[in-house]
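Which chain is which? The protein sequence lines are A and B, in order. My numbering puts the first sequence at residues 1 to 298. My numbering puts the second sequence at residues 1 to 298.
Just to be clear, a hint being listed does not mean it is correct.
[As the list claims (entries may be wrong)] DMTMM-like cross-link-like pairs, simulated, lysine to aspartate or glutamate; straight-line CA separation at most 20 Å:
#1 A:K78 to A:D59
#2 A:K236 to B:D260
#3 B:K199 to A:E259
#4 A:K247 to A:D258
#5 B:K236 to A:E259
#6 A:K199 to B:E251
[Said to hold, decoys possible] One side only, chain B facing chain A, incomplete, derived with CB under 8 Å:
#7 L53
#8 A127
#9 H228
#10 I250
#11 A265
#12 L267
[Said to hold, decoys possible] Computed spacing ranges between beta-carbons, pair by pair:
#13 A:S22 to B:A265: 32 to 40 Å
#14 A:S86 to B:D261: 13 to 21 Å
#15 A:N123 to B:E145: 28 to 36 Å
#16 B:K157 to A:D254: 22 to 30 Å
#17 A:D254 to B:E259: 48 to 56 Å
In case anyone wonders, no lab produced these hints; they're calculated from the structure. Backbone N, C-alpha and C fix where the C-beta goes; we use that ideal spot for every residue, glycine too.
One-letter residues, chain by chain:
Protein chains: 2
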Amino acid sequence: MKTTVIGLGLIGGSIARDLRKSGFATELIGVDASEEHASEALKIGLVDRIETLENGVIDTDLVIIAIPVNMELIVLPKVLDLIGSSTTVTDMGSTKKQIVDSVRNHKRRRNYIPAHPMSGTENSGPAAAHEGLFQNKIAILCDQEDSGPQHVALIEKMLQSLGMDIAYMTADEQDHSTAFVSHLPHAAAYALANAVQAKADRNIIFDLASGGFRSTVRLAKSSATMWHPIFQQNRKYVVESLNVYIKHLIEFRDCMQDEDDEKMAALIQNANKIRGVLEGQNPHFVKNEQKITKLYTK
Amino acid sequence: MKTTVIGLGLIGGSIARDLRKSGFATELIGVDASEEHASEALKIGLVDRIETLENGVIDTDLVIIAIPVNMELIVLPKVLDLIGSSTTVTDMGSTKKQIVDSVRNHKRRRNYIPAHPMSGTENSGPAAAHEGLFQNKIAILCDQEDSGPQHVALIEKMLQSLGMDIAYMTADEQDHSTAFVSHLPHAAAYALANAVQAKADRNIIFDLASGGFRSTVRLAKSSATMWHPIFQQNRKYVVESLNVYIKHLIEFRDCMQDEDDEKMAALIQNANKIRGVLEGQNPHFVKNEQKITKLYTK
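Make the full structure from the sequences, and use the hints.
Spelled out as structure tokens, the structure:
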């Protein structure tokens, strides 16, 4: 299948690698606003050739948009303007509501499948791309009733060839859930990095930075180019999630300050329950091997 | 060297493994309040034999105490009561001030070296022990002027045989610094786990939990047995660190709420600086190969 990837960074580059390996993509065309990234991606073999946006999306089977979400608001309508009637378009943005709204009344709306693969690292650019990034992770597909069933089927097949499980929900539900499990942890890591860096004796602190600190602030390395627009587009739900988090931090601090040991023990033990959940003892988890997918839309 | 390890969990067990491998310990005696842990540790070969506390510390060269910090307040004075004049004692607790204070006027105070290896995982118990846990990590030695130089030299040699770099500081400085780089990340992870679990639609959230969420809440799996007493003993500095963190989170939330994009970009970019620091571009980092250690005491 002729596949065009717009944005050859961590996500777009990793998808290109896996789709080529699985045989899903037989011809890979790359589009990138950065000439440097484009030539780097070509050099390391992520794509077969580089095209302009216009030439890259005309006469292709599938367009995958993997660029910062603020740029999607400009690029997605343009792509829908340019494609033929049978081309399928998807995007990999971490927010969905504003992006979906931006093409709500477009004549090619049914060619577009809003998607969000729940995977990534704190690194960016073509060199950060690697095989298997999406294996056993979840992809969210939104508002499927607004897309043509052939296009939905093609994107499902693509995601399954990446090794992903699929969850279906509305764009609004995806933004709400993602605020808590992805955007909040990033905001928390940014604030933690800033809090620790604000301390005067930072030399001591940095010499001592242990594994625990490293894993907790890992996400604070994530690029502003990608994350600032995510926070802007999902402002309402990220603010809600930050309010819930701040409330729990204040509760933790107060119970430490008040020497309320019974409550402190209860708070830690409740937090410990996350272990069972994260280690797959969660009956709600859906396995790809079973080809079961999950519908969250009410 | 005849070495007694009190507490055969992640830390004590991992030290036993490495000291045996390096040849530093030729005879390893284990002491553990839990019969189950003791027999498990013996079975997997962490120690050569199990003794009671009394029999384990009499006539040994080195005693390493690796138990929850509340238990240290009881066990450390008892160990100092029992040992002969030439035995060296150290402990691996994450807090130091209260522990040091508990034996300040003990006649064997100079036999004791307060230490804190900045390493660990979210797992506990003898089965969690593994080789190389301390390699290239930092160990803090406190108040060295209050210990006999022979005892300090032996513990330095032991830590270097574990592959650790050593930083010297007062017990109070260690508690302050450790609050920020270790205790705060744990408190933050506990609160994040609780915040996310408090959401009604947790099934969605847990299905979606991505790599970013996993690494940020990893520490929330850490045991209450170990961490509750750490928070109790380092209450003052952990509360201080939580206040700084909450302030930065509120700043982040407010600037999101107020749509202050310029400030938001600045906050993210400042947080990004943590990358350079954590990836060893920090000129303050001290390498073990050079056998250089670092003095922080003012």
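Q) Any CB of chain A closer than 8 Å to the CB of B:A127? A) Because about 15 Å separates B:A127 from the closest Cβ in chain A, which is outside the 8 Å limit, the hint is violated.
Q.
Hinted pair, alpha-carbon criterion (20 Å max): A:K199, B:E251. Please report holds or violated.
A. holds, 16 Å
Q) For the pair A:S22 and B:A265, does the Cβ-Cβ distance stay inside 32 to 40 Å? A) holds, 38 Å
Q: Mind checking the hinted window 22 to 30 Å against the Cβ distance between B:K157 and A:D254?
A: violated, 44 Å
(Q) Quick check on a hinted range of 13 to 21 Å for A:S86 and B:D261, using CB atoms only. (A) violated, 39 Å
Q) Regarding the hint that B:L53 lies at the interface with chain A, is the smallest CB-CB distance below 8 Å? A) violated, 26 Å
Q) Does the Cβ pair A:N123, B:E145 satisfy 28 to 36 Å? A) violated, 45 Å
Q: So, B:H228 near chain A? Judge it on the closest CB pair being under 8 Å.
A: This hint holds: B:H228 lies near chain A, its Cβ roughly 6 Å from the closest one there, short of 8 Å.
Q: Given the hint of 48 to 56 Å, check if A:D254 and B:E259 actually sit that far apart at their C-beta atoms.
A: violated, 30 Å
**Q.** Restraint satisfaction for B:A265 [CB to CB of chain A, less than 8 Å]
**A.** holds, 6 Å
(Q) Checking one constraint from the list: CA of A:K236 to CA of B:D260, max 20 Å. Satisfied? (A) Roughly 14 Å between the alpha carbons, so the hint for A:K236 and B:D260 holds.
**Q.** Hint consistency between B:K236 and A:E259 [alpha-carbon to alpha-carbon, up to 20 Å]
**A.** Holds - the C-alpha atoms of A:E259 and B:K236 are around 11 Å apart, at most 20 Å.
Checked against the numbered hints given earlier, this structure breaks hints 3, 7, 8, 14, 15, 16 and 17; the rest are met.
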